[in-house]
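Visitor: From first to last, the protein sequence lines are chains A and B. For what it's worth, numbering that gives the first Met the number 0 labels the leading residue of the first sequence as 0, then goes sequentially. For what it's worth, numbering that gives the first Met the number 0 labels the leading residue of the second sequence as 0, then goes sequentially.
Worth flagging that the hints you see were computed from the coordinates, not collected in a lab. It should be emphasised that the depicted structure is a prediction, and the values quoted were computed from it without experimental measurement. Beta carbons are placed, not taken as given, at the ideal position from N, Cα and C, and that holds for glycine. Heads up, none of these hints are tricks.
Okay, the calculated bits of chain A under chain B, using three or more residues with CB under 8 Å as the criterion: (1) 35-48; (2) 167-180; (3) 185-191; (4) 197-207.
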Amino acid sequence: MNTHAPSAASSAYQRIYVWELPVRFYHWLNALCILVLTATGFLIANPPAINTASEASFSYWFGLNRFIHFAAAYVFVFNFAFRIYWGFVGNKYANWKNFLPLRWAQAKEVASVLRVDILQSSNKPLVAAGHNALAYLTYFVMFLVFVFQVASGFAMYANMSNAWFPQLFTWMLPIFGGDAGLRQWHHLATWFFIIFTIIHVYLVFYHDYVEGHGVLSSMAGGWKFLPKKQPAGEGKSLFSGAPVTTKPAGASPRSPS
Amino acid sequence: MDTLIPSTSVDSRDSTTVYEQLTSRGVSRRDFLKFCGWMSACMGLGSEGVAQVAQALETKKRIPVVWLHFQECTCCSESFLRSSHPIVADILLDKISLDYTETLLAASGHQAESVLHQTITKYKGEYLLCVEGSVPTAAEGVYCCIGGRSATDIIQEVAAGAKAIIAWGNCACSGCVQAAKPNPTSATPISKIITGKPIVHVQGCPPIAEVMAGVLVHLLTFDRIPQLDALGRPKAFYSRRVHDTCYRRPNYDAGLFVESFDDENARKGYCLYKMGCRGPTTYNSCGTIRWNGGVSFPIQSGHGCIGCSESSFWDNGPFYERLGSFPGFGIETTADKIGLVVGAATVVGAAGHAVLTNVRKHHEIGEQPGESAANGPSTSAGGSSNQGGTES
Numbered sequence: 000m001n002t003h004a005p006s007a008a009s010s011a012y013q014r015i016y017v018w019e020l021p022v023r024f025y026h027w028l029n030a031l032c033i034l035v036l037t038a039t040g041f042l043i044a045n046p047p048a049i050n051t052a053s054e055a056s057f058s059y060w061f062g063l064n065r066f067i068h069f070a071a072a073y074v075f076v077f078n079f080a081f082r083i084y085w086g087f088v089g090n091k092y093a094n095w096k097n098f099l100p101l102r103w104a105q106a107k108e109v110a111s112v113l114r115v116d117i118l119q120s121s122n123k124p125l126v127a128a129g130h131n132a133l134a135y136l137t138y139f140v141m142f143l144v145f146v147f148q149v150a151s152g153f154a155m156y157a158n159m160s161n162a163w164f165p166q167l168f169t170w171m172l173p174i175f176g177g178d179a180g181l182r183q184w185h186h187l188a189t190w191f192f193i194i195f196t197i198i199h200v201y202l203v204f205y206h207d208y209v210e211g212h213g214v215l216s217s218m219a220g221g222w223k224f225l226p227k228k229q230p231a232g233e234g235k236s237l238f239s240g241a242p243v244t245t246k247p248a249g250a251s252p253r254s255p256s
Numbered sequence: 000m001d002t003l004i005p006s007t008s009v010d011s012r013d014s015t016t017v018y019e020q021l022t023s024r025g026v027s028r029r030d031f032l033k034f035c036g037w038m039s040a041c042m043g044l045g046s047e048g049v050a051q052v053a054q055a056l057e058t059k060k061r062i063p064v065v066w067l068h069f070q071e072c073t074c075c076s077e078s079f080l081r082s083s084h085p086i087v088a089d090i091l092l093d094k095i096s097l098d099y100t101e102t103l104l105a106a107s108g109h110q111a112e113s114v115l116h117q118t119i120t121k122y123k124g125e126y127l128l129c130v131e132g133s134v135p136t137a138a139e140g141v142y143c144c145i146g147g148r149s150a151t152d153i154i155q156e157v158a159a160g161a162k163a164i165i166a167w168g169n170c171a172c173s174g175c176v177q178a179a180k181p182n183p184t185s186a187t188p189i190s191k192i193i194t195g196k197p198i199v200h201v202q203g204c205p206p207i208a209e210v211m212a213g214v215l216v217h218l219l220t221f222d223r224i225p226q227l228d229a230l231g232r233p234k235a236f237y238s239r240r241v242h243d244t245c246y247r248r249p250n251y252d253a254g255l256f257v258e259s260f261d262d263e264n265a266r267k268g269y270c271l272y273k274m275g276c277r278g279p280t281t282y283n284s285c286g287t288i289r290w291n292g293g294v295s296f297p298i299q300s301g302h303g304c305i306g307c308s309e310s311s312f313w314d315n316g317p318f319y320e321r322l323g324s325f326p327g328f329g330i331e332t333t334a335d336k337i338g339l340v341v342g343a344a345t346v347v348g349a350a351g352h353a354v355l356t357n358v359r360k361h362h363e364i365g366e367q368p369g370e371s372a373a374n375g376p377s378t379s380a381g382g383s384s385n386q387g388g389t390e391s
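Taking the hints into account, I'd like the entire structure generated from these sequences.
Guide: In structure tokens, the structure reads:
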């Protein structure tokens with residue numbers, strides 16, 4: 000039955016702690032913020048006629064909706080700032096250096112991810128303990144959109160606030176032709192998050208389904224299941240120094256044959 | 000209008016103050032002080048500001064002013080002249096030394112041009128330059144020529160010796176309708192042509208007369224540029240959105256909106272937000288100072304704000320839609336339409352990719368050779384050895 004004895008050794012799995020608790024916390028708080036900001040944002044853009052023929056003094060739902068949008072924006076900003084900080088002090092999978100493919104190995108990985116996962120012109124197995132290089136690059140682009148959304152949002156908010164933080168972004172207004180122009184771009188950028196989420200969720204399912212490394216659950220528990228043998232070439236940069244924890248811990252290495 | 004005739008007027012003006020001019024025209028001290036109080040209230044000064052304004056108008060010499068007209072409709076001048084307060088129009092006609100302005104100048108031809116030349120040489124570095132209208136730069140400026148010279152030439156020459164520049168109205172501040180797409184004459188706002196001079200943007204199409212007067216009185220009183228916002232507009236008049244000072248604002252916060260111009264909500268005076276009102280993105284004093292002597296303003300008469308004091312307000316249309324059309328995608332294409340199309344394409348793409356995955360990655364999906372589950376119960380020994388973490 001076991002006709003693959005030599006390869007059995009190579010597909011032994013180990014658990015690797017990839018996403019630390021702060022990273023997971025950031026991820027889900029960020030997701031929640033984006034959900035709330037998108038929902039309240041669309042309500043601000045096009046409020047439904049849910050209460051008519053009443054007196055204004057008895058109702059404040061639209062004001063409340065806007066308050067939630069602004070409050071969530073602050074949470075979003077500080078959460079994002081925290082993630083940047085964690086890019087300097089967190090583990091190597093969270094490190095800021097991963098996000099730009101400046102090294103040749105990273106650039107090559109971007110190309111091979113495109114071939115294997117997106118175009119599917121190759122079936123060469125790719126193993127990435129953290130994100131793959133293309134995913135990191137995508138998140139870098141996403142961070143740029145974060146910065147734009149924060150800057151444009153707070154620029155529009157600045158005149159409603161006496162706080163110093165929103166005033167930092169008023170320089171955005173002349174560039175985009177005042178509030179009206181900036182509002183347009185702020186609204187359009189919201190769609191980036193929606194489209195990003197579609198692709199992001201699809202690809203998580205894709206990787207979980209095709210590779211079986213537990214990507215989907217890794218953002219809950221932090222662990223991934225990865226083949227023990229280092230894949231040629233890429234393995235070195237991805238695995239060296241990884242905190243290896245095998246289970247059961249006391250088991251001694253044994254030969255399969 | 001006699002003060003506008005050259006040579007005699009220029010000299011007599013040097014020695015008179017605003018107050019002397021006013022009283023000689025029969026304005027009582029009481030009316031003068033009322034005007035000072037009203038102006039300082041408009042400028043947002045405290046009660047002590049009244050005395051400052053009064054003192055300045057009583058003691059300071061009038062400022063020489065050159066008022067240029069380029070690509071515009073003169074609605075700024077009209078707004079100023081038709082102010083309900085008599086002293087406001089007087090400021091323009093008498094109180095400032097309006098040495099040159101095409102619209103009101105009695106002189107014409109070479110005589111008029113010589114006044115301009117005389118003023119900018121005699122008061123070099125002292126005169127105030129007011130500009131109404133944008134400057135066309137396409138085809139070497141042929142789209143706007145005065146006295147055989149292009150607007151570009153004139154503005155460069157006159158601005159060089161100006162103490163400060165006031166850009167009246169949307170044309171001078173951001174090009175207004177002639178700079179709307181496709182902007183065939185390359186209508187350009189003053190701030191993009193002149194650098195190195197303080198420029199006050201008095202936005203609006205037209206600006207409110209009291210705002211224009213307020214800016215001039217401020218310059219006269221304090222002899223310096225008023226505090227400006229990021230877009231160069233005086234904060235005293237443009238720091239708040241029409242939305243923030245709108246008397247319909249409580250309806251907005253309560254979520255009470257006009258859904259169409261003839262519905263019950265419109266009759267009740269609900270918020271015009273969904274009718275495309277630009278109040279939330281427009282900075283102006285319409286909600287407080289209002290128009291025609293404080294009688295009304297657009298929203299009070301049931302029509303949304305069109306945002307005439309914001310740059311490119313013509314291109315941020317349509318006026319009756321909340322979400323404007325997006326540049327580069329044709330008329331009526333909003334951010335939502337673009338987003339929906341791209342979003343739908345993404346879903347279709349992901350679905351197609353999922354199908355492709357099942358075809359192309361057929362062998363990678365599921366149990367892999369050598370994995371413990373594939374070995375079945377009969378080879379449990381081999382399975383446990385895998386779990387134990389075999390090393391090669």
